[in-house]
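Enquirer: Protein sequences, first through last, are from chains A and B.
Under the working numbering, the residues of the first sequence are numbered 1 to 267, in order.
Under the working numbering, the residues of the second sequence are numbered 1 to 188, in order.
Honestly, the hints are just simulated from the structure, not real lab data.
Everything numeric in this text was worked out from a predicted model, so none of it was measured.
All residues carry an ideal CB built from backbone N, CA and C; glycine is no exception.
Among these hints, one or two may not hold up.
Which bits of chain B does chain A cover? Going by a derived footprint, with three or more residues having C-beta under 8 Å, they are [said to hold, decoys possible]:
hint	segment
1	3-11
2	47-61
3	156-162
Using 20 Å as the maximum straight-line C-alpha spacing, the simulated EDC-like pairs for lysine to aspartate or glutamate come out as follows [what the hints assert, rightly or not]:
hint	chain 1	residue 1	chain 2	residue 2
4	B	Lys176	A	Glu210
5	A	Lys46	A	Glu63
6	B	Lys176	A	Asp9
7	A	Lys238	B	Glu65
8	B	Lys176	A	Glu40
9	A	Lys46	B	Glu65
10	A	Lys46	B	Glu148
11	B	Lys176	A	Glu7
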Amino acid sequence: MSKHYSEEDLVLYYYEDGPRRAEVQQHLDACEPCTVAYRELTATLKSVTAPEAPERGDQYGLEVWQRIRHRLPEQEMPWWSVWLRADRLALAGAFSVLLVAAFVAGRWWSAGTVPAPAVASVAPAPAAPGAAGDDGRRRILLTSVADHLDRSERVLTDIMNTTGASDISTEQGWAEDLINTSRLYRQDAADAGEQSVALVLEELERSLLEIVHTPSRATAARLDEIRRRIDAASLLFKVRVLGSELRQRQTQGQDAPRPRALSTHIS
Amino acid sequence: MDATDVAAAIARARQGDSEAFQSLVERHSRRAFQLAYRITGNEQDAEDVVQESFIRAYRQLSRFEARAHFSTWLHRIVANCSVDLIRSRRVRYEHASTDDLGPAEQPESGGADPERLAASAQIERKVSAAMSELSPLERAAFTLRHYEGRSIAEIGKTLGLGTSATKHSVFRAVRKLRAALEPLRGES
Numbered sequence: 001m002s003k004h005y006s007e008e009d010l011v012l013y014y015y016e017d018g019p020r021r022a023e024v025q026q027h028l029d030a031c032e033p034c035t036v037a038y039r040e041l042t043a044t045l046k047s048v049t050a051p052e053a054p055e056r057g058d059q060y061g062l063e064v065w066q067r068i069r070h071r072l073p074e075q076e077m078p079w080w081s082v083w084l085r086a087d088r089l090a091l092a093g094a095f096s097v098l099l100v101a102a103f104v105a106g107r108w109w110s111a112g113t114v115p116a117p118a119v120a121s122v123a124p125a126p127a128a129p130g131a132a133g134d135d136g137r138r139r140i141l142l143t144s145v146a147d148h149l150d151r152s153e154r155v156l157t158d159i160m161n162t163t164g165a166s167d168i169s170t171e172q173g174w175a176e177d178l179i180n181t182s183r184l185y186r187q188d189a190a191d192a193g194e195q196s197v198a199l200v201l202e203e204l205e206r207s208l209l210e211i212v213h214t215p216s217r218a219t220a221a222r223l224d225e226i227r228r229r230i231d232a233a234s235l236l237f238k239v240r241v242l243g244s245e246l247r248q249r250q251t252q253g254q255d256a257p258r259p260r261a262l263s264t265h266i267s
Numbered sequence: 001m002d003a004t005d006v007a008a009a010i011a012r013a014r015q016g017d018s019e020a021f022q023s024l025v026e027r028h029s030r031r032a033f034q035l036a037y038r039i040t041g042n043e044q045d046a047e048d049v050v051q052e053s054f055i056r057a058y059r060q061l062s063r064f065e066a067r068a069h070f071s072t073w074l075h076r077i078v079a080n081c082s083v084d085l086i087r088s089r090r091v092r093y094e095h096a097s098t099d100d101l102g103p104a105e106q107p108e109s110g111g112a113d114p115e116r117l118a119a120s121a122q123i124e125r126k127v128s129a130a131m132s133e134l135s136p137l138e139r140a141a142f143t144l145r146h147y148e149g150r151s152i153a154e155i156g157k158t159l160g161l162g163t164s165a166t167k168h169s170v171f172r173a174v175r176k177l178r179a180a181l182e183p184l185r186g187e188s
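Okay, chain A solo, but in the shape it has when bound (with noise of 0.2 Å):
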């Protein structure tokens, strides 16, 4: 006969949270005292049954707003509402024009000046020796870098969400795992001449750590901090944002030309 089990583990047995449950069972099914001491525990916690709430009706929960609208605090805006005020609006679409001038303007000047063939407007130059398995190489790389980057999103969603002080040592072993393999990525994709994923991967890398060096049951101000950092850097926003587009890269493959970088205005 094994040793009898302790009130704790027949705690969590009961509540299903222990391991070994079949172990437990067939335990229970051998041992008079310790089935004694489960019956006993069982009748008692079969009798604490839950305090029935006064009944709220209906209209509750008009009620509560109806008692807390007056004293909700301003809105903390989020960073990037900032940039959808009417008068940032009007330049940033006078920017665009601007942008978009200046590219047809290049393009038609260059179409001008320097006669090429129209076929070389939109095909690739002739591939140089291993450049198929380049490209094989570089599709693989941004469809790891995406899965790395939802990973991490979600990481950094969950330190977004925390509130208060939290143990947050779950979110720190899947950030150490990340932090790794961030560190290849970032390397391959800058031999790859992918600066901007670089960049973006060095910075996901800095929060990372700072995760991982922060003590597990960290406080609401050290959470906070890490907050504002994350918040700051627009660090959720960029990897959002390089995940799909290295996914639309990856969808549209060789029906259309690659860009030799990403997009400048996460970076």
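Chain A is fixed; fit chain B onto it per the hints.
Expert: Same frame as chain A, but now just chain B:
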């Protein structure tokens, strides 16, 4: 209101649209009250917790990420607000008399066996008194595990505790409740 509507309401509320936040308050208030009541064991305290929770949620809305569930996020806020409130009113809880035990004092419905009802009311009073002796974290952890059916991992995440600390909060709560109910076992 489905998940898309909730997400849209959150997005609008973040922009300062109070009507959008109102729709979230109206949708989640009753559930928030139920949880707050179970943890605090007091109607007025539960009311305070609900209001404070929504104010906290509104203040922190910019940190909420759309991938998470608003109800889960709010659940965490309500649990932590309840713990904070119990801590701040600890003195009152410690001196609460059994005359002020809330649910146990509810009028009993007719038709049931009077002896059984009396025994049940006695258990409720004992449980309520024992619950008021628990520390705020023990009380919250036990409520989330026993009444709400949350896993140890979820409770730890909600209350900002490690797995071991969460388990021990539940163990201590169970031990105290058993000790409080022990005399009744002899009577039955």
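Enquirer: Confirm or reject each hint.
Expert: Do the hints match the structure? See the list:
1. 3-11: violated (count 0)
2. 47-61: holds (count 9)
3. 156-162: holds (count 5)
4. B:Lys176 x A:Glu210: violated (41 Å)
5. A:Lys46 x A:Glu63: Violated, at about 35 Å.
6. B:Lys176 x A:Asp9: Since the Cα atoms of B:Lys176 and A:Asp9 sit roughly 16 Å apart, the hinted pair holds (cutoff 20 Å).
7. A:Lys238 x B:Glu65: Roughly 15 Å between the alpha carbons, so the hint for A:Lys238 and B:Glu65 holds.
8. B:Lys176 x A:Glu40: holds (14 Å)
9. A:Lys46 x B:Glu65: violated (38 Å)
10. A:Lys46 x B:Glu148: Between A:Lys46 and B:Glu148 the Cα gap is close to 14 Å, so the pair holds against 20 Å.
11. B:Lys176 x A:Glu7: holds (12 Å)
Checked against the numbered hints above, the structure violates hints 1, 4, 5, 9; every other hint is satisfied.
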